[in-house]
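K.L.:
What follows is the residue order along each chain.
Number of protein chains: 2
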Amino acid sequence: MNIILASTSTLFGGEYLVYLKEELIKLYEGIDEIVFIPFARPSGISYDDYTAKAQSFFDIINIKVKGLQEFDNKIEALNNAKGYFTGGGNTFLLVKTLHEEGLMNVLKKNVEEGKPYLGCSAGSNIGGQNMKTTNDMPIVYPPSFDCMGLVPFNINPHYLDPNPDLKHNGETRETRIKEFLTQNELKVVGLREGNWIRRIGDKITVEGKELTRIFEKNKEPYEIEAGSEL
Amino acid sequence: MNIILASTSTLFGGEYLVYLKEELIKLYEGIDEIVFIPFARPSGISYDDYTAKAQSFFDIINIKVKGLQEFDNKIEALNNAKGYFTGGGNTFLLVKTLHEEGLMNVLKKNVEEGKPYLGCSAGSNIGGQNMKTTNDMPIVYPPSFDCMGLVPFNINPHYLDPNPDLKHNGETRETRIKEFLTQNELKVVGLREGNWIRRIGDKITVEGKELTRIFEKNKEPYEIEAGSEL
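Chains as they are written, first to last, in this note's numbering: chain P, 1 to 230; chain Y, 1 to 230.
These are computed hints drawn from the structure, not numbers from a lab.
Fair warning: this is a prediction, and the values are worked out from it, not measured in the lab.
Mixed in with the good hints, there may be bad ones.
Heads up, the list lumps identical chains together, so a pair's fine if it works in one copy or across two of them.
To be verified - Okay, derived cross-link-like pairs now, SDA-like style, lysine to any residue, Cα gap no bigger than 20 Å in a straight line:
hint	residue 1	residue 2
1	LYS53	PRO152
2	LYS66	ASN79
3	LYS167	TYR16
4	LYS26	ASN62
5	LYS96	PHE145
6	LYS82	GLU70
Take the sequences, apply the hints, and build the full model.
P.N.:
In structure tokens, the structure reads:
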């Protein structure tokens, strides 16, 4: 496999995907066109507008972006594609649409066969085993929480450390992930913004400037450095 | 109906439920025993420990608390109860358990017949039409997102205003609720901590020290004052 699962598409103060530019040139080496999966629709924008946003970055590295919504036969479009990018937004919307249109397993099969895949945020969640560690609001009811399982763990994108100054009694991210571990036996990778997971063949590493926080059942959470294998 | 749906159980620096004491004396007037629904299990604590925590407050106002887990026949226990309290925690766990044990509609029927109900956080979410505006992590997959619909809208507990200083690209609460409104036509009440919804008969008001933020489809969000009818 040849995949990047990124915590976020955009660093604070930065432009869309630009911090990943060198990585994406390598990911998509030899490819001049990819299919974009816009179903997560951040803030409810249209599929076409979201695809145009993706194209605005991919123009810089000379890759043409085709939105999956443009195809009458989406299964065929995924099977014919040379590579993929799934943008962020709402994971419930994304997973519901992929399952209802029978696309989750088609995408999985193609990526497992070696076609390059980039996911950001919600698009990274679907690379995990299931979507049970998303931060998103359950605005729609998907027929299943199962995802592609491109990596043998779950991802928590936009991982955020507790803020000791906050006078608020909502749960911290760490509390939420620990609640997940009371119900599930699965490693969770807390990906801080600016970090990403890189899989090349069977080798899976975490990359980026920040440490990455790992949560496992019956263990204290711990931190690993960029380059560490997962 | 006679219900309180509170944003939180505990104010910053305060003790469990104490800020609601005078309201709860009125809510449960004439009642000396209630059934506690502990299924949301915050941080994975046991049902018995959670029930003991509820009892620690209700001792102050001379009400005995029986945990629903103590009964072999939970449907009968709900039907025989004089009043209810559902504690906070994870809404997905709470809703899954209530649906799987066939309790959601039993509780609804009893509350609609006039028995007093208190919900905090996840326990307030289930008073809304559905759980699609919870903040919680989807750590388990419920058979449905439908809730009791004790009020004709949805609740977002622990409503949190955007923090302009945060260098983080996760969605704000307002963005999430606006995404909900792209997919659903239903009013959402953003309940800041310290606020609660009070229903007496057919009259529904919002109460507490803070303004309350209301979200409706195709409208700018707006604020209402304590005492306003919903």
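K.L.:
Confirm or reject each hint.
P.N.:
Each hint tested on the structure:
| no. | hint | verdict |
| --- | --- | --- |
| 1 | LYS53 to PRO152 | neither (31 Å within a copy, 38 Å between copies) |
| 2 | LYS66 to ASN79 | within (14 Å within a copy, 57 Å between copies) |
| 3 | LYS167 to TYR16 | between (32 Å within a copy, 15 Å between copies) |
| 4 | LYS26 to ASN62 | within (13 Å within a copy, 68 Å between copies) |
| 5 | LYS96 to PHE145 | both (8 Å within a copy, 14 Å between copies) |
| 6 | LYS82 to GLU70 | within (16 Å within a copy, 58 Å between copies) |
In the structure shown, a violation is registered for the earlier hint numbered 1 alone.
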